[in-house]
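Undergrad: So the protein sequences, as listed, match chains A and B. If you're matching positions, the first sequence starts at 59 in our numbering and goes up one per residue. If you're matching positions, the second sequence starts at 56 in our numbering and goes up one per residue.
Do not take every clue at face value.
[Said to hold, decoys possible] Cross-link-like lysine-lysine pairs, in silico, DSS-like; alpha carbons within 25 Å at most: (1) B:419 <-> A:129; (2) B:75 <-> A:129; (3) A:132 <-> B:419; (4) A:176 <-> B:268; (5) A:132 <-> B:148; (6) A:192 <-> B:75; (7) A:132 <-> B:75; (8) A:70 <-> B:254; (9) B:57 <-> A:186; (10) A:129 <-> B:268; (11) A:132 <-> B:132; (12) B:268 <-> A:132; (13) A:73 <-> B:268; (14) A:73 <-> A:88; (15) B:254 <-> A:129; (16) B:419 <-> A:70; (17) B:75 <-> A:210; (18) A:73 <-> B:64; (19) A:187 <-> B:57; (20) A:192 <-> B:57; (21) B:268 <-> A:192; (22) B:64 <-> A:187; (23) A:70 <-> B:64; (24) A:186 <-> B:64; (25) B:75 <-> A:73; (26) B:417 <-> A:210.
[To be verified] Computed, partial: chain B to chain A, Cβ under 8 Å: (27) 58; (28) 254; (29) 255; (30) 256; (31) 258; (32) 265; (33) 267; (34) 301; (35) 360; (36) 421.
I should point out that these hints are in silico values taken from the structure, not numbers from a laboratory. By construction, the Cβ of each residue, glycine as well, lies at the ideal position given by its N, Cα and C atoms.
Listed here are the chains, written in short residue letters.
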Amino acid sequence: MTSVELNNVTKKYDKEKVVAVDDVSLSVSKGELFGLIGPDGAGKSSIFRILTTLLLPDGGTATVEGYDVVKDYKTIRGNVGYMPGRFSLYQDLTVEENLSFFATVFGTSIEENYELIKDIYIQIEPFKKRRAGKLSGGMKQKLALSCALIHKPSILFLDEPTTGVDAVSRKEFWEMLKRLKQQGITIMVSTPYMDEATLCDRIALIQSGKILSVDTPSGIVKSYHGKLFAIKSDAMYKLMNDLRAFEHTRSCFAFGEYHHISFKERDKDYTEEVLNYLQAKGHTGVEIKSVTPAIEDCFIDMVEEKKSEA
Amino acid sequence: MKQLFSFIKKEFLHVFRDRKTLMLLFGLPVVQLTLFGFALTNEVKNAKIVVADYSKDIATKQITEKIEASKYFDVEKSLKSHDEIEAAFKTGKIKLAILFPENFNENLLHLHKAQIQIIADASDINTATTLTNYISAIVADYQRQLMKDASIPLTITPEIRMLYNPELKGEHTFIPGIMAMIMLLICVMMTSISIVREKELGTMEILLVSPFKPLMVIIAKFIPYLLISFFNITSILLISVYALELPIKGSILLLYSESLLFVVTALAIGLLISIQAQSQQTAMFGSLMATMLPTLLLSGFIFPVENMPLPLRIISNVVPSKWFFIIVKSIMIKGAGISVVWKETLVLTGMMLFFLTVSLRKFKIRLA
């Protein structure tokens, strides 16, 4: 059973000059936790807004729970939960007032669906008399999620729910999503953080409005062909420049405390050559090791691939 | 229904949580009434007037001296023709002219009554009224002096003519004017700002992705401001009756019904602005341009529309506050009923329907 389906959806802005969503086709199964992963400006929010019937696509068709986003927008609006990219609740209302307002707007009450939001709401309940504008980033997100959930939607659209939230709250938030998934709710979530991708069932990597790949996180990692190395030395900035100047380098970028490097001849082990090269350049404390690629490596690799194709 | 109530409750919470705006909403009418009430009844000093004495006798001389002695007037004595006097009025050189007809003293002594013609430039109503009142008082004072010596009653009748605005339209008109302005200001500005704020904060996005109907958003936004407006109307009327001693001559019920009509029109305008505006600032400036300026300039509130050039008179017809102003003035000051103001009511109803239809049609159910 598919929950969300996009067929060749295109969205252009600014008198057709800017292509935000470029011929995107996707499908999300019922009960899936689906991640839309890509940097800022990749077109994630536009896709979410098309699916929540807030924007009309310029081309292609899309359905949510079998309903067309253009024709049946009214039906969709009553059945989805949507959490926009930035905090969109009433800052001058208290936590409780916000929640009860959204509950009534959707024709339900806090009591009726309390079970569904209990896990999340219980964490902010001590602050229920506090105005929403005075909450911390993490608590705001919890409240927004509670509000999006209060009417028991069959599908949740969460647009960058963890942006601007501290690491602990982010982790908590994903745990909440996992619990919601267990209740059979389809969740479509977008994030610019590649490390969150592994927490999804399936992900779509998106860049400049185009889908680069749709697969399970492990499938995407597996599809990475060739070897990847992590290198560090005592002078990281110089190291980056030197590695990029190295004749066999395909790509090199910073990754935590290491630089990740891949080579043009992708399956060949260049460890020796690199070490010699770096020694000649005067680097000390050089350390090199082979690593399994992360989603970010795959993403960068796919972007590089696109670039070389073009 | 429950949804609507909850929405209205939310709107009230917005209004009451914002203390500064709340104070402004309730304080505005009082401040404006006081400002206008006192500013418009300012005393006049050294007004330029002309005395045209066709009689030149002892009585006219004495009256003229009395007038000259007053600090209010700057008297120019001359024997000007009627045409010259009128020309002086038109150029605004003089505010008032006093004409003593021939044989003034003789008439007073033999016929026991005489007339003085007082002509005032009534395009500036307040000055005109004040000046004529002063002159009449001086003349009455002189009359009393004469009476002391004479056994027979002597009467000097000041015959007052108000040039340009004979009916003195505009007397105390600042109250209907302020009513129109405040209702426009509150309804247009507050509704447009409160809708645009939902857009700006992104809450509109969530509201749109809900089973909520646009019409309900509009009604819910409307009710708090309607109630505030009615509260303000009541306070304006109370101040005008008890503090400014201006009684309401017509039906209060009719006054409130017409106000309701006007408030809904204002709301519809606010709605239309909010649909076009993307930020609260734009909404505010748009509202100010759409309400304050036309109300101040073209409604007849401060400047009589009758004296305006034709193009402005035509434009003034599309200003809703002009019609409301006429209605309230007729009801409050002249005590008119619906039979008198039905035409204006009809125009206002038409405007309301127009703005409401356009804004409901243009209300965006999507983001772009």
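Undergrad: Run every hint past the structure and note whether it holds.
TA: Each hint tested on the structure:
Between the alpha carbons of residue 419 of chain B and residue 129 of chain A the distance comes to roughly 16 Å, so the proposed pair stays at or under 25 Å and holds. Distance hint between residue 75 of chain B and residue 129 of chain A is unfulfilled; the C-alpha atoms sit about 44 Å from each other, more than 25 Å. In summary, the hint linking residue 132 of chain A to residue 419 of chain B is supported, as the alpha carbons are separated by about 14 Å, within the 25 Å threshold. Of the pairs offered as hints, the one joining residue 176 of chain A and residue 268 of chain B is violated, with about 29 Å between alpha carbons and a cut-off of 25 Å exceeded.
Under the criterion of a C-alpha separation no larger than 25 Å, the hint pairing residue 132 of chain A with residue 148 of chain B is inconsistent with the structure, at around 69 Å. For the hint linking residue 192 of chain A to residue 75 of chain B, the alpha-carbon distance of about 19 Å falls within 25 Å, and the restraint holds. Using a Cα cut-off of 25 Å, the hinted pair residue 132 of chain A and residue 75 of chain B is violated, with the two alpha carbons roughly 38 Å apart. Taken as a hint, the residue 70 of chain A and residue 254 of chain B pair is honoured in the structure, with Cα atoms around 21 Å apart against an allowance of 25 Å.
The suggested pairing of residue 57 of chain B with residue 186 of chain A holds, with an alpha-carbon distance near 22 Å, which does not exceed 25 Å. Restraint check for residue 129 of chain A and residue 268 of chain B: satisfied, since their Cα atoms lie roughly 17 Å apart, inside the 25 Å limit. Of the supplied pair hints, the one linking residue 132 of chain A and residue 132 of chain B is violated, its CA atoms being roughly 82 Å apart against a limit of 25 Å. Under the criterion of a C-alpha separation no larger than 25 Å, the hint pairing residue 268 of chain B with residue 132 of chain A is consistent with the structure, at around 10 Å.
Taken as a hint, the residue 73 of chain A and residue 268 of chain B pair is broken in the structure, with Cα atoms around 30 Å apart against an allowance of 25 Å. Our distance criterion of 25 Å between C-alpha atoms is broken by residue 73 of chain A and residue 88 of chain A, whose separation comes to about 36 Å. For the given pair, residue 254 of chain B sits about 24 Å from residue 129 of chain A by alpha-carbon distance, which is consistent with the 25 Å threshold. Among the hinted pairs, residue 419 of chain B with residue 70 of chain A is consistent with the structure: their alpha-carbon atoms are about 19 Å apart, no more than 25 Å.
Restraint check for residue 75 of chain B and residue 210 of chain A: the C-alpha separation of about 38 Å exceeds 25 Å, so the hint is violated. For the given pair, residue 73 of chain A sits about 40 Å from residue 64 of chain B by alpha-carbon distance, which is inconsistent with the 25 Å threshold. The straight-line distance between the Cα atoms of residue 187 of chain A and residue 57 of chain B is roughly 22 Å, inside the 25 Å bound, and the hint therefore holds. Pair hint residue 192 of chain A plus residue 57 of chain B does not hold up; C-alpha atoms about 28 Å apart against a cutoff of 25 Å.
Simply put, residue 268 of chain B and residue 192 of chain A have alpha-carbon atoms about 30 Å apart, too far for the 25 Å limit, and the pair is violated. As the CA atoms of residue 64 of chain B and residue 187 of chain A are separated by approximately 16 Å, the hinted pair is consistent with the 25 Å bound. Only pairs whose Cα atoms come within 25 Å are accepted, and residue 70 of chain A paired with residue 64 of chain B is rejected, the gap being roughly 39 Å. Among the hinted pairs, residue 186 of chain A with residue 64 of chain B is consistent with the structure: their alpha-carbon atoms are about 18 Å apart, no more than 25 Å.
Taken as a hint, the residue 75 of chain B and residue 73 of chain A pair is broken in the structure, with Cα atoms around 41 Å apart against an allowance of 25 Å. Between residue 417 of chain B and residue 210 of chain A the alpha-carbon distance is near 31 Å, which puts this suggested pair outside the 25 Å criterion. Taking 8 Å as the C-beta contact cut-off toward chain A, the hint placing residue 58 of chain B at the interface holds, the least distance being around 6 Å. Restraint check, residue 254 of chain B versus chain A: the minimum CB separation of about 10 Å is more than 8 Å; hint violated.
Below 8 Å, beta-carbon pairs count as interface contacts, and residue 255 of chain B has none with chain A, the closest being about 10 Å; its hint is therefore violated. A least Cβ separation of about 6 Å between residue 256 of chain B and chain A falls short of the 8 Å threshold, and the interface hint therefore holds. The interface hint given for residue 258 of chain B is met, as the beta carbon of that residue sits about 5 Å from the closest beta carbon of chain A, less than 8 Å. For residue 265 of chain B, the shortest C-beta to C-beta distance to chain A is roughly 5 Å, which falls under 8 Å, so the interface hint holds.
Annotation: interface hint on residue 267 of chain B holds; nearest CB of chain A at approximately 5 Å, less than 8 Å. For residue 301 of chain B, the interface hint is violated, since its Cβ never comes within 8 Å of a Cβ in chain A; the closest pair sits about 39 Å apart. Because the closest C-beta pair between residue 360 of chain B and chain A is about 42 Å apart, greater than 8 Å, the hint is violated. About 6 Å separates the beta-carbon of residue 421 of chain B from the nearest beta-carbon of chain A, less than 8 Å, and the hint is met.
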